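K.L.:
Listed below, chain by chain, are the residues.
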Amino acid sequence: MTWLDILILLVRCLVLALASATLFAYFTLFERRLLAKFQHRIGPNRAGYIPLPGGKKLFGGWLQPAADAVKLFLKEDVVPAMADKWVYIMAPGFAVVPALIIWVAIPLGTWPDGMGGNWLHYAPIDVGVLYLLAVTSIGVYGIAIAGWASNNKYSMIGGVRASAQVISYELALGFAILAVVMQNSTFRTEEIVTSQGLIWNIIPQFLGFIIFLIASTAEVVRSPFDLVEAEQELVGGYNTEYGSMKFALFFMSEYIKLIAMNAIAVTLFLGGGNFPGIDTLVAAIKTSNGDTIAYAVQGALTLGAFLLKTTALSFLSVWVRASVPRVRYDQLMHLGWKVLLPLGLFNVVMTAVFGVLFPADSLIAKIIMCVVGVIVVVIVSATATPKHAKRGVTLVNPSAGN
Amino acid sequence: MDLLLFGIPALVAIVGAIAMLLSRNAVHSALYLLLNFAAISVLYLLLQAPFLFATQLIIYAGAIIVLFLFVVMLLGAERDEQTPHANPWQNRGAIVGGVLLLVELALLYVNNPGTIPIAANLDDGFAAPTEIAKALFTTHLLPFEIASFVLLTALIGVVVLHQRRS
Chain A
1 MTWLDILILL VRCLVLALAS ATLFAYFTLF ERRLLAKFQH RIGPNRAGYI PLPGGKKLFG
61 GWLQPAADAV KLFLKEDVVP AMADKWVYIM APGFAVVPAL IIWVAIPLGT WPDGMGGNWL
121 HYAPIDVGVL YLLAVTSIGV YGIAIAGWAS NNKYSMIGGV RASAQVISYE LALGFAILAV
181 VMQNSTFRTE EIVTSQGLIW NIIPQFLGFI IFLIASTAEV VRSPFDLVEA EQELVGGYNT
241 EYGSMKFALF FMSEYIKLIA MNAIAVTLFL GGGNFPGIDT LVAAIKTSNG DTIAYAVQGA
301 LTLGAFLLKT TALSFLSVWV RASVPRVRYD QLMHLGWKVL LPLGLFNVVM TAVFGVLFPA
361 DSLIAKIIMC VVGVIVVVIV SATATPKHAK RGVTLVNPSA GN
Chain B
1001 MDLLLFGIPA LVAIVGAIAM LLSRNAVHSA LYLLLNFAAI SVLYLLLQAP FLFATQLIIY
1061 AGAIIVLFLF VVMLLGAERD EQTPHANPWQ NRGAIVGGVL LLVELALLYV NNPGTIPIAA
1121 NLDDGFAAPT EIAKALFTTH LLPFEIASFV LLTALIGVVV LHQRRS
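Line order of the protein sequences matches chains A and B.
Read in our numbering, the first sequence has 278 at position 278, and its numbers run on one by one without any break.
All you need for our numbering is the position in the second sequence, starting with 1, plus 1000.
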């Protein structure tokens, strides 16, 4: 590896970091506008627009993320007097680093560099899926130690809740991913993408996809599983004592983790950068215009397909946030341990049985697995709600009359 | 270059371990232990064993230390309480044992100059997931099953204790 290679690698990493930060900025705008639409409001539509004749305004609000960033930059940066200073300062870093490094193992598309590499896949490691799990699982440190270091009751409760919740849902997440690994019999993320072809993993692994969506939402402590920062109970949870750019870093890591989780779901279940028709188009360009242009077109198209699918899942995240109220703590634990974990085990067993009974890539097996998955999801979602609140958490006394 | 690549994580691991022992605050100790585990996972990576790297991070860094932190934070037990040691000889015994081990290591090194085998001089991919699975389910099946049995015992113990209380 020469110095030039290292320089190219550094530039690529910088591009990736800046791209994910930009993605975060515009995801906040996307979410705020959508939430406003869901709630019959208008949302941020002022900062920056292109005036059109007739008083119309195009792209209203596209500078809103920049305005937010400037506002946060100009806030005073305070360290609470009784906080554990070093841990308090380190915590935002602990939160941001996993959110950024998780992207290197996700194949964002296919742009062959002509030497067996891929410009859009930074680290094709042979345990890519395990790397994703490892980075996800260390993502909780930022929240946990921020809660502890702030020396504040509410922050502390937020941190404790975060660590308990993330550990609980990691198991279900791991089982959902394990079933995908068994389905495609590889740990390499890029091989998982290519082996999906046109029948994406969501068909044989429908149950796994549902488990992954729920568990990943809980893993990034997003609504409806955002007990970590339940503002009605905990002020702001773990980030109560944080302000200025430190708060912005937490905010950023939360959203980047969410987008990364959606990107992982796209990679594992929705065929990554695959889309019907891209291959034939690229082959046609290759014969008429040569390899370099064909590779560039392939890169742009697969990246576009990948981003399109990620945006669709992100829309689903916003939709869920707008429609589902926050769960209670006992419901959270019930769902994680008594519903998702057995379902994940069932899915792994089912994948193993079908893998032995049917030849590899059998279409019938995939369709049967999809049907079984849909039936199981319907039955479980109809029956598996906790019937009564547990003793001690009922907030309203039924005998007190109304 | 090789020495540097090995030396930095090794040094970080040792510093993390010592700092963990000397730290008076349980949360700081847990964070130093995290540093130690992270450095050790980098060492696995240098030994061409990415599978062990990932599992080290998932299990130790991602689950065990998070549980440590959870318990410490839940009980509010960060501060070291100055309780008298149950066994006054514990510290001295540990120091003597540590010195003995160091002396043994030095003797081994002095007596066998140049013949100490390199830690991992195997083919690429000797620690690939498939190879590890093969080893676990064929050669080392019995120890593997015994280890899982021990874990199962602990799990059943938790259930039994919980039942007795309520």
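Hints are supplied without guarantee of correctness; some may be wrong.
[Said to hold, decoys possible] What follows is a list of derived Cβ distance ranges for each label pair: (1) A1133/B <-> P124/A: 18 to 26 Å; (2) E1131/B <-> V353/A: 44 to 52 Å; (3) P124/A <-> A1010/B: 46 to 54 Å; (4) M82/A <-> V1158/B: 50 to 58 Å; (5) P124/A <-> S1148/B: 28 to 36 Å; (6) P124/A <-> L1003/B: 23 to 31 Å; (7) P124/A <-> P1143/B: 45 to 53 Å; (8) V353/A <-> A1133/B: 14 to 22 Å; (9) L58/A <-> A1133/B: 51 to 59 Å; (10) S323/A <-> G1157/B: 41 to 49 Å.
[To be verified] Chain A residues, not near chain B, derived (Cβ > 10 Å throughout): (11) A21; (12) K56; (13) A69; (14) L74; (15) I138; (16) A144; (17) G304.
Calculated directly from the structure, the hints in this document are not laboratory data.
On a predicted model such as this, the values are computed, not experimentally measured, just so you know.
Idealized CB from N, CA, C, for every residue including glycine.
K.L.:
Check each numbered hint against the structure and report the violated ones by number, ascending.
P.N.:
2, 3, 4, 7, 15 and 16
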